[in-house]
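Visitor: Each chain is listed here by its residues.
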Amino acid sequence: MENEKLISIHNLKKYFPVKKSSFLQKEQLYVKANDGITIDINRGETFGLVGESGCGKSTLGRVLLQLYPQTQGNTIYYGKTIYEYKPAYVERILKNLPEQKKKLDALVEKAKAVKEDETHHNFKADDADRVFHEIVHLTGGLIYAKDLAKAGKLLLEEYHAGCKVVEEAAKLEKDSANRAAYEAAVKKQEEIRAQLDEMRKECEQSDAFLKAEQYWDHGIDLGMLKKEELRLLRQDIQIIFQDPYSSLNPRLTVGQLISEPLVGHKLFKKGSQELEDYIIEIMDKCGLEKYFIHRYPHQFSGGQRQRIGIARALALNPKFIVCDEAVSALDVSIQSQILNLLQELKEKENLTYLFISHDLSVVKYISDRIGVMYLGNMVESARSEDIFKNPLHPYTEALLNAIPTTDADNKELQILEGDIPSPVNPPKGCKFHTRCKYAMDICREKNPEWMEIEPQHFVACHLRKK
Amino acid sequence: MKKESFFAKLGRSFKSLFRSSVTGKKEINVLEEEAIQSPMRTIIKNFFSNTLAKVGLIGFIFILLFSFVGSLFFPMDPLYTEPILKNVQPGRGYLDYGSCDVKAEDIKQLASGATFSVVLTNDGKLCAWGQDQDDVLEIPSNADSGIKEIAVGDRHILALTNSGSIVGWGRANWQQQNLPVSIKGMMRGKVVHVYANEEYSAALTDQGYLYTWGSVTSTKLDIIPDDYQGHIVDADAAAMGMILLMDDNTVRAIGSGGDFKNYPEELENGEVKVVSVKAGKRNAMALDDEGNVYAWGGTSFNLDTVPDFGEKIVQIDSGKNAFFAVGESGKIYGWGEDAESILDIPEDFEAEQIFVDFFQGYAISKSGEMTAWGNEGFILGTDDQGRDVLTRLMHGGKITLLVGVIAVLISSAIGLTVGMIAGFKGGWIDNLLMRIAEIIVSIPFMPLVITLSYMIGSSMDSQSKMYLIMIILGLLSWPGLARLVRAQILIEREKDFVLAARAMGIKEGSIIIRHIMPNVISMVLVDMTLSYAVMMLQEAALSFLGFGVQPPNPSWGNMLNKAQQATTIENYWWQWILPAVCVLIAALSINLIGNALGDAIDPKSNEK
Amino acid sequence: MAKLLEINNLHTYFETKRGLIKAVNGVSLSIEEGHTLGVVGESGSGKSQTAMSILKLFEKNQKIYDGEIKFQGKVISNYNAKEMSKVRGNDISMIFQEPMTSLNPIFTVNRQISEVLMLHQGMSKKEAEQHSIEMLKAVKIANPEQVNKSYPFQLSGGMRQRVMIAMALACKPKLLIADEPTTALDVTIQAQILYLMNELKREMGTSIMFITHDLGVINQMADDVAVMYCGQVVETAPVDKIFQDSEHIHPYTEGLLTSIPRLNTDRSSKLEVIPGAVPHPLNLPKGCKFAPRCKYATAECRENEPELKEVSPGHAIRCFHPVKRGKQ
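Protein sequences, first through last, are from chains E, Y and P. Numbering follows the working numbering, with no gaps: position 412 of the first sequence is 416. Numbering follows the working numbering, with no gaps: position 2 of the second sequence is 1005. Numbering follows the working numbering, with no gaps: position 34 of the third sequence is 229.
Just so you know, these hints were derived from the structure itself, not from any lab. One or more hints might be untrue.
DEER-style ranges, computed between Cβ atoms [what the hints assert, rightly or not]:
1. Ile1494(Y) <-> Glu340(P): 37 to 45 Å
2. Leu1528(Y) <-> Ala110(E): 55 to 63 Å
3. Asp179(E) <-> Asn1434(Y): 53 to 61 Å
4. Ala197(P) <-> Val1058(Y): 51 to 59 Å
5. Asp440(P) <-> Glu88(E): 57 to 65 Å
Since the structure is predicted, the reported quantities are computational estimates derived from the model, not experimental observations. All residues carry an ideal CB built from backbone N, CA and C; glycine is no exception.
Work out the full structure, taking the sequences as your base and the hints as a guide.
Guide: In structure tokens, the structure reads:
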């Protein structure tokens, strides 16, 4: 499997403010739904996300799609390059690179200053980190260049040249006579890149430089997009909801439901024959009969509604779909139908899924890699076989043992004592220590790091620290 | 699907009321039918499958037809009042002479009061019909036979017997039905004629002396100049005066009707020979021996202008404000005020004789046929000003319903706008608007409206006052809807399908229009219906207290206003129960419709 | 062993505007003393309605049309409301899926448990409070005195379900009906509650009728299993027979077992699928209700309705052609 990233999430945080209980309450409290999550999702894979209710897995899916604004962190999308999409923020940053760097330095200073007295909610360090990533994805190591203005100018030129290449490539596709222009554009970009390489060599080859250099990857930072840019990009990133009853507007027919986003993204003209043909094609792909097109959602069973939801997401030809508990509300016999459909579509359409579910066996069946969440944190992530064969985090282990199975060896369930703590006021240190049977002193003090213990197997647990 | 007629549907739903719903095969068809139904059609179907909704709808349509179509057929002059017709009980048949079984040729005399008529036959018998006020239709036993002449006032009857005595009955507030002993004692001569009109009576003796009694002092009818006495041969009684025919065929007048006395000179100086005199409220007329008609008095209704008949007149008669003449050809002419249809004279009727009093007219043809015209009665009675309650109910309904509609439109427009802004914008704008809404709801409604209506209203005519009421009602009652809309938007905005639409990359604008508003609008519709009923009741309440629609413009509320008087409640039920019933039916049917609409829109109602 | 509850040919229907919904359509079941009967089925299979019929917790348009329910040898299906209220909460009690909505939010836990005790056991207020704390202890609540004084909203989901169980068991009922008691809970909390229920059953000898859609939970909890589909029981058997060693199995049960992915399901293989969906209750098919979705269905299945037939002792299947286990 090629390990090409499609989505990269770095230090993602989503805090929902809690309404203050009185005027006297000074401190603003937050529900820490996502508390610093870092994962990469690769092209063509299914990334499963499991956890109990309130662990923030659904929030993660939605924040990733920017349906809720992220509180902190960066979400980079690689399905399109900045050359193809031309988001406005690229020029803004590159044109004012020296100022941006100054701003970043100031933030870093502030973050350093605060570190001593660890207040409850301190976003300063996160701010610095976020801004660093915002810039570094465009500049790479050149953020440490001596002449930032020049670097910015050069990068901007490179960006324009890159855009030109994309344009010429599109023309070339239509008309092969344009080959010369295309090659010229490519050459120009290469020239500029050579100049950039010169600049890089001039820089001090420090660790920081090399680290920053890794990030120069032309991905689109979703958090930086303007509203309209984001809206148009939604074509690529879709979501299927848990509840097929509430996620379909009861006043629209199946045809209207599927055509709405198509018309909204100006892919088809409203009421055109092509649109109808396309809708029927999509419906057929999702196992919906042609004549359903004029029916209303309330006339369908749960399974069929979920197919409508899938058809609608699929119609836009997305690259990435978040399946948010997509089968949890369905009956057992329907669940397998939908799972099979999702698998089939993934292969046919070359899709990437983020599959969110509380049902471990479903997640295991469908996922290539699995992330386990607890109280807003990712506690373990690994290839799906590994996580079941060799769970490294005590919570994963407990979760696996708590699932009642239909297997013949009817083992007694292992009990994980205690309740899930409140996400408003999670325990200090490792959030799981209150229920963990292996808890040590350090667990109550320090938040464990996110470590790669085996290749592709990450865990956040003090027990596994070497 | 085949289209059914409305009646077929109605019939089917009627049948379904009695049929148990447990039937096997047919119900599957219902399912199939549902499979091709849009939510809107389901709502409509749900609505019509609700019996109460149908009752409400029928009630409301009835009220609408009654007020808007009815008022087209029964025009109303809000300024018209008729004191003699006040507080008349509901009833018809004022012209129902057929109930007396009297042949036309037997009729000696026919006279009408405000709401009834009496006929005197050649053999001296009496018969009466119409609305029985003050027991006026109950002819006393001593007037059973041997009657020579009758006189009818607005609500009393005098009968002159062959023996010369006067029997009277009916309304007795001035003892007008009863010849006072004092007059009887000093009477010079034998009574030959009796007269009566509004609350007084008069008797004329064979020596030409006239005596009046009853309510005569205020109209100065008790003052009869001495030089008239002894020379009077005939007279006619009107509300405020009497016109006298003297033995020299001239005319004189008595009473407070000043215009009466301006009779043309030729009538006074004996140039013409007057043979008959008649009097209306402010006007009088005379007929001379050559068939000419003279009219004088007040100028209203052109009563002083005699039309050009082009033929000789043989008989004249007068109603309250209308004059009639019969030509040689038998044609009946009438002019004056067309109150209570008194000028709807039958055409092509060859009259030999006519009898007109107040608002009833009768005619006998030469061939012995009989006909009648004028006031047939009041189905729902009259109010304390003598106005037809039915007509006023129709026109009042029009105003009450209209006030409600306009107030609801104003309040819905404001409520919807404010609610939408608050719901979609949120933040401080939301906060501000909701605080304003709270301030508005905490304003005590009635006191404010009453004060406003005093302050601004006094300088306004009643029409603009009506609009003022609508606007005040509208301006003060939007917060409820605004809150509802805001809350609904907040709920809808959080719905999964809205989030789903956003995730699809659908524009905010079209999310609002296609996904959020339809659900909000249906709530608004239900709320509008329900608040319409409230507005109507508010108008009624305001008018009831005397601050809404101002009389003489009717509204159900100000018609109910009368119920503030104990006498009205005790004696004149039709004046307050009927508007109350109208308000009740209208408010009830609108509420039924609103509730049924709410149920029909609620998706849960589909499940059972 | 003695039969605690017997349901014979029970029919419970809803009268609706659109027709008669046969929610329970000829169910026969029995629960033995001290045993747990797992009732499993998809939504709309009539499993909850069967439970409601036992306690006669009916909606207005719902009625038992036929059949009888015997509890400890007495026919309780024709009890009137007054007689029934003596049975409810005392002999038979029930816990529901949503612990938040089935507890009254404005009363303390103590008040809610005590109320049952005072009503059925005639305890004084003091005794009831004492007993209430004991019950909370029995359901393994760490700080029973404190919880006893709390309001439901102050408790977590798992805690609330424990309180519900404490309340249900307060009068030491002979039968506890648990309608999807763990569906709304998280896996780790579910495991706690299941463990607790098994323990209490062992200690108190209460029989349990455990309703769920989750076969895994059934495997964990039940002694006997009844599989329901479209208002009928299609298969009853001891739990082991269903999950492993019976010779025959109903095609629907087979479908349920194979269509859920298990932890050891091969990822590359497709999941077995029961095609189609549960038929609309107003539009039930003729013949075997499962025939339209059954891959083994024959013309006979589409015409005639099979009876629940015993294939081996304690194991009955409503099918003309039960599937041989070896086949899968």
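Visitor: Each hint should be assessed against the structure and marked as holding or not.
Guide: For each hint, the structure was consulted:
1. Ile1494(Y) <-> Glu340(P): 37 to 45 Å: holds (40 Å)
2. Leu1528(Y) <-> Ala110(E): 55 to 63 Å: holds (56 Å)
3. Asp179(E) <-> Asn1434(Y): 53 to 61 Å: holds (59 Å)
4. Ala197(P) <-> Val1058(Y): 51 to 59 Å: holds (58 Å)
5. Asp440(P) <-> Glu88(E): 57 to 65 Å: holds (60 Å)
The structure shown violates none of the earlier numbered hints.
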